[in-house]
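Fit chain B to the known structure of chain C by using the hints.
There are 2 protein chains.
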Amino acid sequence: MLELFKEIKDDLLAVEIELREVLQAQYPILTETSMHLLNAGGKRLRPALVLYGAKFYQFNLEKVIPLAVSLELIHMASLVHDDVVDASMTRRGTPTVKAVWGNSISTHIGTFLFAKSLVLIAKYEDTPLVSKVLSDASVKMCEGEIQQISSSFDVHQNLKDYLYRISRKTALLIAASAQLGAAACGAPRGIHLPLRRYGHNLGMAFQITDDILDIVADQSQLGKPVGSDLRQGIITLPVIYALSRCGPRGRLAELVGKVEKSEEEVQEALQIVRDCGAVNYSFEIARKYITKAKRELNCLPRIPTRSTLGMAADFVGIRKF
Amino acid sequence: MLELFKEIKDDLLAVEIELREVLQAQYPILTETSMHLLNAGGKRLRPALVLYGAKFYQFNLEKVIPLAVSLELIHMASLVHDDVVDASMTRRGTPTVKAVWGNSISTHIGTFLFAKSLVLIAKYEDTPLVSKVLSDASVKMCEGEIQQISSSFDVHQNLKDYLYRISRKTALLIAASAQLGAAACGAPRGIHLPLRRYGHNLGMAFQITDDILDIVADQSQLGKPVGSDLRQGIITLPVIYALSRCGPRGRLAELVGKVEKSEEEVQEALQIVRDCGAVNYSFEIARKYITKAKRELNCLPRIPTRSTLGMAADFVGIRKF
Chain C
2 MLELFKEIKD DLLAVEIELR EVLQAQYPIL TETSMHLLNA GGKRLRPALV
52 LYGAKFYQFN LEKVIPLAVS LELIHMASLV HDDVVDASMT RRGTPTVKAV
102 WGNSISTHIG TFLFAKSLVL IAKYEDTPLV SKVLSDASVK MCEGEIQQIS
152 SSFDVHQNLK DYLYRISRKT ALLIAASAQL GAAACGAPRG IHLPLRRYGH
202 NLGMAFQITD DILDIVADQS QLGKPVGSDL RQGIITLPVI YALSRCGPRG
252 RLAELVGKVE KSEEEVQEAL QIVRDCGAVN YSFEIARKYI TKAKRELNCL
302 PRIPTRSTLG MAADFVGIRK F
Chain B
2 MLELFKEIKD DLLAVEIELR EVLQAQYPIL TETSMHLLNA GGKRLRPALV
52 LYGAKFYQFN LEKVIPLAVS LELIHMASLV HDDVVDASMT RRGTPTVKAV
102 WGNSISTHIG TFLFAKSLVL IAKYEDTPLV SKVLSDASVK MCEGEIQQIS
152 SSFDVHQNLK DYLYRISRKT ALLIAASAQL GAAACGAPRG IHLPLRRYGH
202 NLGMAFQITD DILDIVADQS QLGKPVGSDL RQGIITLPVI YALSRCGPRG
252 RLAELVGKVE KSEEEVQEAL QIVRDCGAVN YSFEIARKYI TKAKRELNCL
302 PRIPTRSTLG MAADFVGIRK F
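Going down the list, the protein sequences come from chains C and B.
All residue numbers for the first sequence refer to my numbering, where the first residue is 2 and numbers rise by one.
All residue numbers for the second sequence refer to my numbering, where the first residue is 2 and numbers rise by one.
One thing to keep in mind: the hints can contain errors.
[Claimed, not checked] A few chain C residues that don't get close to chain B, going by computed Cβ distances all over 12 Å:
1) LEU13
2) LYS44
3) ASN61
4) ARG169
5) ARG246
6) LYS262
7) GLY278
8) SER308
[Unchecked claim] Chain B regions said to be covered by chain C (calculated; three or more residues, Cβ under 8 Å):
9) 8-18
10) 25-35
11) 137-143
12) 146-154
13) 175-182
Read the hints as simulated data drawn from the structure, not as lab findings.
Cβ atoms here follow ideal geometry from the backbone N, Cα and C, with glycine treated the same way.
Looking at chain C on its own, in the form it has when it is part of the complex (with noise of 0.2 Å):
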């Protein structure tokens, strides 16, 4: 992803440095947490978006800074969140906040990062669609979450379900980041709405691959072991597609219904979703994304940042990583 970043380069590194900064805490226990989960990488997507829609309406790199750096913050503690809850053990190859430290301050750690975001996120008097677009993205993640959580192990969901899940889960957010970066330097309505639409689209196709690579990846590019979907009992498109194909009653069902599954049962059950055809199912329905975020972008002015987000929504539907 990185190369697609090389138009924006110094300026993320600006959002990096300003991400160190914010997380500096009086109490070491902070400072140590927050820094351990900077080094742990991350692509960091949502600062891209910020600063790319901020590119087609006056750019102005110090009001978009700390947007960038607030909407990387409720990703991280969305993050942290999450590990508290699926109990994974390592996430980008590195051990969890919640491997380290626990469940109870991953809790509090997650929340701190929240509300550090809302500390920047205050600044934005002057464009109450910050905040307002903010909390509104925030209340349903925590929904896609919950939705998530109790419908683990059910086999019985649909596309739609699926759809709305990952759509509050990860596209509000990405949608947030590439309209606000515009919003937040003054840019109409015609420019900031069709690129958070641009955002949705690129969001639901990132999220469709993620669960795509979950399935097939090679799991020393991916950082995490293949199939930990399927092991938490979370039903992800490719799996959707399958237990269609083979029904309900069938051993796939049978397999992903299971709370505790041996790790003969994960592998037999990743096998008959990639022998079904599911893989390219849910490869062609991230292309539609991908399609309609594109269209989105003949909306804005053209400038050179146009074909960047371009190629970046091509590059979500053949990412390895």
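Only chain B this time, still in chain C's reference frame:
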């Protein structure tokens, strides 16, 4: 406490209705957990302070209701996250969300409540102080919680550590409640700053008496088992005083520092704390904060609410639940 809120009974009812309205969610588990929390009760101290504060300057109920609701939501969020942490199974005599739904749901429910509060706070575009004060308070509340966890079972804490911790964990949000009701109605600094300081001192006294009650209260009145702080390793003012009397190598330090205590050991530690004058000493400190709180009231206009706030401060010093 309710007797003290008679003056604002109808307004508090309006807050309660709005709380229920706001927490209606699309997803049943969210409504269910939220209603569970609301029905568990609570003193609604923060909404009451918002309303009372607003009485000092062009009181406007419609203007302060979202604020009152958002302060209760932040408080509820912190309780839910607290329960993830301390594994306590009852609060106010009712099973906690954590006890019923587990850690994973609790983490997201807490964040959901917090995020809901942001949606309400976003309405105060014309009073940027609201989001500034509340985002700052939220960060510091997390810091307080994290400090509490990482200093648990540590018998070397002193009075200063304790006061710093409770000012963040408790007093800040109470201070914000007292301040922001007036500020949202347009009150000048000369009014909302004394209210803030009143709230801070009231909050300190409130937490200290809470900590005393955990040593001496009647369990049926308190709604949770006595000694729960000691069990969790939270070292409160009476214990700090008792430790300073008994020395860091005494029997009390041995008991307090022990992570797994038998019920007999908890009772023995409580007895040592009660026997050395720690309770009277702690009441004395609480009383100092109450005096300070009441002194701040002298800076405010002489309206009937001023006497009510004075009585509220006195009440905190003698409460039994």
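Hint check:
1. LEU13: holds, 25 Å
2. LYS44: holds, 23 Å
3. ASN61: The assertion about C:ASN61 holds, with a minimum of 20 Å to chain B.
4. ARG169: Incorrect as stated: the minimum Cβ-Cβ distance to chain B is 10 Å, not above 12 Å.
5. ARG246: holds, 28 Å
6. LYS262: Non-interface label stands for C:LYS262: nearest chain B Cβ at 18 Å, farther than 12 Å.
7. GLY278: holds, 32 Å
8. SER308: Since the minimum Cβ distance to chain B is about 35 Å, C:SER308 lies beyond 12 Å and the statement holds.
9. 8-18: violated (count 0)
10. 25-35: Coverage by chain C holds here, the residue count being 5 at a Cβ distance below 8 Å.
11. 137-143: Result for this restraint: holds, n = 5.
12. 146-154: Satisfied; 5 residues make the cut.
13. 175-182: The restraint on the stretch 175-182 of chain B is violated, since only 0 of its residues have a Cβ under 8 Å from chain C and three are required.
The structure does not agree with the numbered hints 4, 9 and 13 stated previously, though it agrees with the rest.
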